[in-house]
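Engineer: Chains as they are written, first to last, in the working numbering: chain U, 1 to 161; chain X, 1 to 685.
Do not take every clue at face value.
What the hints assert, rightly or not - Derived lysine-lysine pairs resembling PhoX-like cross-links, with alpha carbons at most 20 Å apart: (1) Lys135/U x Lys371/X; (2) Lys8/X x Lys129/X; (3) Lys16/U x Lys419/X; (4) Lys372/X x Lys122/U; (5) Lys65/U x Lys355/X; (6) Lys372/X x Lys135/U; (7) Lys371/X x Lys122/U.
Since the hints were derived computationally from the structure, they do not count as laboratory data.
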Amino acid sequence: MNVDIQSERRFSFSRKPSSVPGDLRIGWRIPITLLMLNASRGNKASLAKLNLLNDALRSTASREKLAKIIRGEVARIEWRMRVEPAFARNVDLLVGANLAKWVIANGRSSLSLTEKGKIIAKSIIDDDDIFAEEKSFLSDFGSEISEGFVAQILVASKAPS
Amino acid sequence: MIQICSLKLRSITSDNVFGVDLEFSSGLNIVQADNTSGKSTCLQAIIYVLGLERSLSANLAVPLPFAMRERIQVSKTANYEAVLQSYVEIVVSNRQGRKLKVRRSIVGDTDQKLISTWLSVSDAESDTKWEQQKDYFVLDPGSATRESGFHFFLSGFIGWKLPIVPRFDGAECPLYIETLFPMFFVEQKRGWSTVQGPLPTHFRIQDIHRRVMEFILNLDAGKIRRERAEINKRIGLLESDWNEKRRLLERGGADLVRFVGVPKTPTAEFSHQAAISLEVFLDGEWVALSLAQEEIQKEIDQLNDVELLTTEEAEISIQEALTAAQAKNDELSAIFEVARTEFRTTLEENRALKKRLEVLEIDLKRHQDTKKLLALGSEVSSAVSFENCPTCHQHLDQELLPPSSSGAMALDENIAFIKSQQIMYKSALSATEERLAELRLRGRSIEVEYKDAQSELRSLKRALVRPASSISRTTIEKSVRLQTRLVQWMGLQEHADGLVDELVVLAREWAKLSARLKELRSGDDFSVEDRNKILCLQTLVQRHLETFDFHSFPPIEISLARDNFRPQVLVHDDDTGGEIEKDIGFEASASDGIRLKWSYYLSLLELDETYATNHAGLVLFDEPGQQATDPVNLTSLFQVSARNSSKNHQVIIATSEKVPAIRAGLGDLPYSLMTFSGYILQPIK
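Put together the whole structure using the sequences plus the hints.
Structural biologist: Put into structure tokens, the structure is as follows:
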């Protein structure tokens, strides 16, 4: 391609904003985290559990895998525990915005929904239009994924394979 | 058109037969009686006997007072008597002068859903000769569409061809008679509250006001819209038919032939000049079938001309042919390998694209979820989206991305970005799919050719080991092989020719419909005749408003809305400073609302004099003055109704206005008056 470039013209480049994957949007991840906490016992969950759920909710494949582990079709050792840096930022924002707070429960530190967080979570749940898939997963398996279950998964992943 | 000739109510107790017989004539009919004496009962009985109670409400209860259902008394002070049997009977006539007697019972043995009818003998001069009784049903599904449904029969009697209209749930239904009747019958309780109707909404018909008015005014607009929908539907059918045939064509090709020149959807060009060609894969390239056939025929001819040799004589030539066949075999297997590799690569690409599209779909869903969430209300949106960090208040322009990356796209921009990617990947995907189909075809062709080459190779090898004196069969075998292929191709050609003819027929039909659709699309839906009608109706309404002393607005400023034909007025809007059109219904005083209703209904009736409309030719007003907050002058209503209604039209008014006032107001004008003192339903001797 031949383009005449006039020498007196000056060029400048500016950086185009980059496309953000939907799951890295604050506006997506915060509500999802609220839903996770809402589906947990007493509206609180340990960081380990949140990381597990976070991992599961991010893709259909991992959702299915977790479902299989819960149903006992696949060994717990199959689950790879991952820690996502973006999720840590997201939790910080959640706490900063006073939607959740750190508490000590049963000798474990857990993230717990604040009153404000509960209200917001409720309004998300009430709208049938949004987060349909995620909500249905949480309502199907939320009660199965207890802190005890998370602990078992953690123990299993530590075991030499 | 329909006119009511007579109405008969009967309510039978163990001691008495209560009832009334009302005779109606063309023109103005006034039923005069005091309040609560049974005028409305008589008018409601008309609704009931015609099975139209659902024009009032979705409720199926009998819309008649207890005098027709449970108990009845001779006068206010008399004892109640229990009703054992009751029915309503009406005689109506249509434009042809044919009479119809209809009876429906309320209490008694007969099912309320059953309506008995008698048609007058068509050539009878006296009114009393009736044909045999026929029973129809109402209220059950199919009443308007089935032969034995009363409304199906009634609309035929009136001369209506009810249009099919869309409903909110996407289904279609006829424009039920129940939806039309409120435009002729103003019922006392709710009828005076709106200009049109109120029309029953429980049928869930879309745009019911517009559809009803379009039908009553007999506008072409509705028909044009209907035709357009019909054509669109037929075009859709044609296109799916086309696709079906096209698939058949391709499948019939047995993966050996490709068709060039059959468009994916029908085109006008195809209907004129169906230039399709069949191509086969021969010697490494796509060749038109006719050329390939010629070539093969030539080869066969050559083979046939060859003198048959013994194996010994042919040895050298067979050896040569064997070498050539071996070379060809190798070449074909190489080509086949290439095609296979290409196929695999394309398939890989195809899969990758599909996966990418899947990911994009999920990503889009997430963005859209976020967007919807932000729209939920300020409380939620401010809680879950941050421009700045809630703790340190630094700008969060990277969402949750690692801090080193550049700024993040805004939500809407990102949605648009994902969608544009989807478009790109989808077109890439369909390109690979086409390529795959092409490669599959080519692969199959090469495979067939390869098999041919192999069998030739085998036959040559066999030929070399045959006894020296026997006749060499290789030439014959080759000739037979080629012949087989030729026959197969000819079969394909015939198959394709037949289908192409059918495709051309489809394309022609398609082109014709498309042309008509284009014609219908130009301009709005109103024809010239439509415009004249609407204008005429508007003038009539204005004139009547003038007569009835309407004073909320100057009548001349009133026009009819083009979407639902409601009267509207231009009002100065303080916000924008411009003029806006407003429904008069909300703007006029209560008494003026009633005057507007008179004008509108009488104008519709009068319009039928000049234009061909679907008006029933009948207007019924139940207590036209009662709902007014200040006394309205009924005299002018009586005068206009008496003056304007011709032989073809009938106006029936039930009123409690005093008789002397009626007589004085109407003077010499033609009308018929029925007056009652006390209860209208009385024991019949």
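Engineer: Now look at each hint and say whether the structure bears it out.
Structural biologist: Evaluation of the provided hints:
Between Lys135/U and Lys371/X the CA atoms are separated by roughly 17 Å; this keeps the pair inside 20 Å, and the hint holds. This hinted pair checks out: Lys8/X and Lys129/X have alpha carbons roughly 18 Å apart, not beyond 20 Å. The straight-line distance between the Cα atoms of Lys16/U and Lys419/X is roughly 18 Å, inside the 20 Å bound, and the hint therefore holds. With a C-alpha separation of about 15 Å, the suggested pairing of Lys372/X with Lys122/U holds against the 20 Å cut-off.
As the CA atoms of Lys65/U and Lys355/X are separated by approximately 19 Å, the hinted pair is consistent with the 20 Å bound. Distance hint between Lys372/X and Lys135/U is fulfilled; the C-alpha atoms sit about 15 Å from each other, no more than 20 Å. Using a Cα cut-off of 20 Å, the hinted pair Lys371/X and Lys122/U holds, with the two alpha carbons roughly 18 Å apart.
Of the hints listed earlier, there is not a single one the structure fails to meet.
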